[in-house]
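Undergrad: Chain by chain, the residues run as shown.
There are 2 protein chains.
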Amino acid sequence: MPGSKDPFALSAVDARDAIRAGALSPVALVDACLARIRALDPALQAWIHVDEAGARTQAALREEEAKSGKLRGGLHGIPVGIKDIFDVAGMPTTAGAKPWAHTRPTQDAPSVQFLRNKGAIILGKTHTTQFAYRDPAPTRNPWNPEHTPGGSSSGSGAAVAARMVPLALGSQTGGSVLRPAAYCGVVGYKPAHGAIPTDGVVPLAWSLDHVGVFGRSVPDVLLVLEVFALWHPGGAIHRPARLAIAPELLARAEPDVAAQVQAAARAFAGAGAAVDELKMPPSFAELADAGQAILESEAAAYHEPSFAKYADQYGAGIRSCVEAGLKRPAAAYVRATRVRARFRTEMGRLLASYDAVISPTAPAPAPRGLEWTGDASLCAPWSTAGFPSITLPSGVAASGLPHAVQLSAVPDRNIMLLHFAGWCEQVLGFTAAPLDMGPHDAGPQTPV
Amino acid sequence: MPGSKDPFALSAVDARDAIRAGALSPVALVDACLARIRALDPALQAWIHVDEAGARTQAALREEEAKSGKLRGGLHGIPVGIKDIFDVAGMPTTAGAKPWAHTRPTQDAPSVQFLRNKGAIILGKTHTTQFAYRDPAPTRNPWNPEHTPGGSSSGSGAAVAARMVPLALGSQTGGSVLRPAAYCGVVGYKPAHGAIPTDGVVPLAWSLDHVGVFGRSVPDVLLVLEVFALWHPGGAIHRPARLAIAPELLARAEPDVAAQVQAAARAFAGAGAAVDELKMPPSFAELADAGQAILESEAAAYHEPSFAKYADQYGAGIRSCVEAGLKRPAAAYVRATRVRARFRTEMGRLLASYDAVISPTAPAPAPRGLEWTGDASLCAPWSTAGFPSITLPSGVAASGLPHAVQLSAVPDRNIMLLHFAGWCEQVLGFTAAPLDMGPHDAGPQTPV
Numbered sequence: 000m001p002g003s004k005d006p007f008a009l010s011a012v013d014a015r016d017a018i019r020a021g022a023l024s025p026v027a028l029v030d031a032c033l034a035r036i037r038a039l040d041p042a043l044q045a046w047i048h049v050d051e052a053g054a055r056t057q058a059a060l061r062e063e064e065a066k067s068g069k070l071r072g073g074l075h076g077i078p079v080g081i082k083d084i085f086d087v088a089g090m091p092t093t094a095g096a097k098p099w100a101h102t103r104p105t106q107d108a109p110s111v112q113f114l115r116n117k118g119a120i121i122l123g124k125t126h127t128t129q130f131a132y133r134d135p136a137p138t139r140n141p142w143n144p145e146h147t148p149g150g151s152s153s154g155s156g157a158a159v160a161a162r163m164v165p166l167a168l169g170s171q172t173g174g175s176v177l178r179p180a181a182y183c184g185v186v187g188y189k190p191a192h193g194a195i196p197t198d199g200v201v202p203l204a205w206s207l208d209h210v211g212v213f214g215r216s217v218p219d220v221l222l223v224l225e226v227f228a229l230w231h232p233g234g235a236i237h238r239p240a241r242l243a244i245a246p247e248l249l250a251r252a253e254p255d256v257a258a259q260v261q262a263a264a265r266a267f268a269g270a271g272a273a274v275d276e277l278k279m280p281p282s283f284a285e286l287a288d289a290g291q292a293i294l295e296s297e298a299a300a301y302h303e304p305s306f307a308k309y310a311d312q313y314g315a316g317i318r319s320c321v322e323a324g325l326k327r328p329a330a331a332y333v334r335a336t337r338v339r340a341r342f343r344t345e346m347g348r349l350l351a352s353y354d355a356v357i358s359p360t361a362p363a364p365a366p367r368g369l370e371w372t373g374d375a376s377l378c379a380p381w382s383t384a385g386f387p388s389i390t391l392p393s394g395v396a397a398s399g400l401p402h403a404v405q406l407s408a409v410p411d412r413n414i415m416l417l418h419f420a421g422w423c424e425q426v427l428g429f430t431a432a433p434l435d436m437g438p439h440d441a442g443p444q445t446p447v
Numbered sequence: 000m001p002g003s004k005d006p007f008a009l010s011a012v013d014a015r016d017a018i019r020a021g022a023l024s025p026v027a028l029v030d031a032c033l034a035r036i037r038a039l040d041p042a043l044q045a046w047i048h049v050d051e052a053g054a055r056t057q058a059a060l061r062e063e064e065a066k067s068g069k070l071r072g073g074l075h076g077i078p079v080g081i082k083d084i085f086d087v088a089g090m091p092t093t094a095g096a097k098p099w100a101h102t103r104p105t106q107d108a109p110s111v112q113f114l115r116n117k118g119a120i121i122l123g124k125t126h127t128t129q130f131a132y133r134d135p136a137p138t139r140n141p142w143n144p145e146h147t148p149g150g151s152s153s154g155s156g157a158a159v160a161a162r163m164v165p166l167a168l169g170s171q172t173g174g175s176v177l178r179p180a181a182y183c184g185v186v187g188y189k190p191a192h193g194a195i196p197t198d199g200v201v202p203l204a205w206s207l208d209h210v211g212v213f214g215r216s217v218p219d220v221l222l223v224l225e226v227f228a229l230w231h232p233g234g235a236i237h238r239p240a241r242l243a244i245a246p247e248l249l250a251r252a253e254p255d256v257a258a259q260v261q262a263a264a265r266a267f268a269g270a271g272a273a274v275d276e277l278k279m280p281p282s283f284a285e286l287a288d289a290g291q292a293i294l295e296s297e298a299a300a301y302h303e304p305s306f307a308k309y310a311d312q313y314g315a316g317i318r319s320c321v322e323a324g325l326k327r328p329a330a331a332y333v334r335a336t337r338v339r340a341r342f343r344t345e346m347g348r349l350l351a352s353y354d355a356v357i358s359p360t361a362p363a364p365a366p367r368g369l370e371w372t373g374d375a376s377l378c379a380p381w382s383t384a385g386f387p388s389i390t391l392p393s394g395v396a397a398s399g400l401p402h403a404v405q406l407s408a409v410p411d412r413n414i415m416l417l418h419f420a421g422w423c424e425q426v427l428g429f430t431a432a433p434l435d436m437g438p439h440d441a442g443p444q445t446p447v
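The listed protein sequences correspond, in order, to chains A and B. The opening residue of the first sequence carries number 0 in numbering that gives the first Met the number 0; numbering runs sequentially from there. The opening residue of the second sequence carries number 0 in numbering that gives the first Met the number 0; numbering runs sequentially from there.
Simulated from the structure, these hints should not be mistaken for lab results. These numbers were taken from a predicted model, which means no experiment stands behind them. Glycine residues also receive a C-beta, built at the ideal position from the N, C-alpha and C atoms. Don't take each hint at face value.
Derived CB-CB ranges, DEER-like [to be verified]:
#1 A/G269 - B/D288: 56 to 62 Å
#2 B/E322 - A/A310: 27 to 33 Å
#3 A/K97 - B/A351: 38 to 44 Å
#4 B/A59 - A/A250: 54 to 60 Å
#5 A/A287 - B/E64: 49 to 55 Å
#6 A/P239 - B/A273: 35 to 41 Å
#7 B/E276 - A/W371: 47 to 53 Å
#8 B/L434 - A/A287: 45 to 51 Å
#9 B/A273 - A/S67: 14 to 20 Å
#10 A/R348 - B/A38: 21 to 27 Å
#11 A/W371 - B/E322: 38 to 44 Å
#12 A/R265 - B/D288: 21 to 27 Å
#13 A/A310 - B/D288: 23 to 29 Å
Generate the whole structure from the sequences, applying the supplied hints.
TA: Encoded structure:
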């Protein structure tokens, strides 16, 4: 039992175990998280809405249930944050937009309801870029407030990194879960497209939108996947990882990032994994343009009615996205979906022999400034294809910002990917944390 | 053994059994079909290309193999016709278009290759409307040459009806398998979208194109499905059919057609099926427009490059389709795919409790004249949704043209649908045939 830690710093798995053992009260855990939010969020701005009273009420109920041995499920008493494009009953959904776009849902999005049904306590809503596109949220990076936390799930990434909450939901259309997770030094995972329902989530582009999970470790993320019935404990895999690394993807990163990912690959190989070089398939050359065509067209289809009324109230980024989408012809969209289908086939064939392909999550650590949420180009292929992907923090750069590696796999291996990511996480042994985390897991980290 | 029949009139199952028993030679069967084609096709024009020499060579090989007990598979020695948008090695693919669009493939489309690998003998290519859209083929209806055989798989429907070949492949994007099958008094079936690969088939609209099968009975169609490994003999279902009938679909047919379908439903109920009324879901109102938007947009995406060069060499129907598609915006296409997704969900939920929904295959029997291939609006919902559907001949109208009923089911019930369609076929007891079929299965038929 990690009694030496403040409750807010517990991993979700440790908190779950402590609650089950009667050693931790859900009320104490929620109070610790709320206190942490009160202390840090004025500077970090990860949260747009914190439901203190509601969270305490839920925590008291979970505590009563825990005392009488009635655990609701794998997340009993665990606080979670929800990106503010998901509907949470009783909390406003703003999508980071102007008031005309706000709603007051009376029902949880199914993904939120799943968490709640399994005992999770919804602390509140985390900041998103406007309509989950590029116009930045006010959130700052917990490792350095002068840097972006990434987007669009800016608040979820920052909140989990800053130990305000052990778990958070986000969404990824291009690189909106893995990029902020990488910039904030936490684990970000999205399963294959459609594996977690996107109902009740403000869409950016239906065929690209994924629900994803932020946590501080792979086992914590697995707790959430269990809730979605995508994983059941047991059935561990006892063979070395078969990994691939794509030089073409490395070449798109800054040299120190590429070197860091290569070092991680060497560490995996040193720990027993097979690591091959993999050449990206021919369709990869067309995939980025195809993904952007799909994203803009679908965003235009969704926003067209409100855009006719409120175009001037859209942020510059999402406005230009919708404008570009409205100009695209159907035939171009169809051809883009054909490129995507070809990439799925070609990449699926290449990756069939591997548990995951390793690449940088982003070309560089979190950029300086809040205006730009960073480069999503290395996350986007897996979003466009709908393949599961995960980012693991892998070290701290000379600048003091975290490094990360991305692992991606074929669509039917949501859990297999997590299994091997868990192994990779152990090899990487990353324990650094931002802010005032105390000696047990703070301090500068040597890159792998 | 139906030794009383000319070989060309045998069902595929009877021919298969006779070949297996050594009572029928594949050469005799092919010769009988070729003779039938020579006798009737100058008037009917079901075939654009008949490979007499190649078919005889294949037949001789199949005969040798049969004699030495080496059967290639379930279609050993069975002649088939292939719609002329499928690639067949060594035969031209014209797609019913002008010479600039013709190709001379050296490889079979995978669907054709499947048939060939299982012993089928490819007799030749059957006429298609231009690019499988509306511009008519020269084919005539075997029941009355003044009437259309339907389209776009005009030749496949007519050839199977006229006993030129027991089985044929066609394709359906809107109503291009079931409509000609209904107009020609044969069985036409398409499984769920993607169940049979469309590679090597000239596309009309990728997300709507289905490979389908023409036969004279459900067991004959099942023979082909076995080849595609969608079905394995055995595992019969021993419970009464649960059928639904949709008054809204009946209302779209001419009164005598609606009455005929209702009579069929009563016959099914009389034979033990449960038959409920079913209300079409809300999204059905938008589905036809959505389907047309999808079709035109995807056709435009495929044809755009050749259209830039050869627009004036396109038939009026496909030209206006491509022109309309080129003008459609991406956002409209995306919204159309959203309507389709909603219909799939809503209809899938409604149909989950039923083995099939019964409806007219077309609003009327085959129209007079060859200029118009008929109304696909009652087939198209199942093509747009990608649900499996089958048409069964159910009687002969006062005009002497066949009546038909359509059965449709949810996507994961390709074979369940065929199973219950086989039961319905027995209840209907349709045995009429066009042309000079002799007393054993000709003669006027009383409508159910």
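Undergrad: Of the hints stated earlier, which fail here?
TA: Going through the list in order, the structure violates hints 6, 7, 8, 9, 10 and 12 and respects the others.
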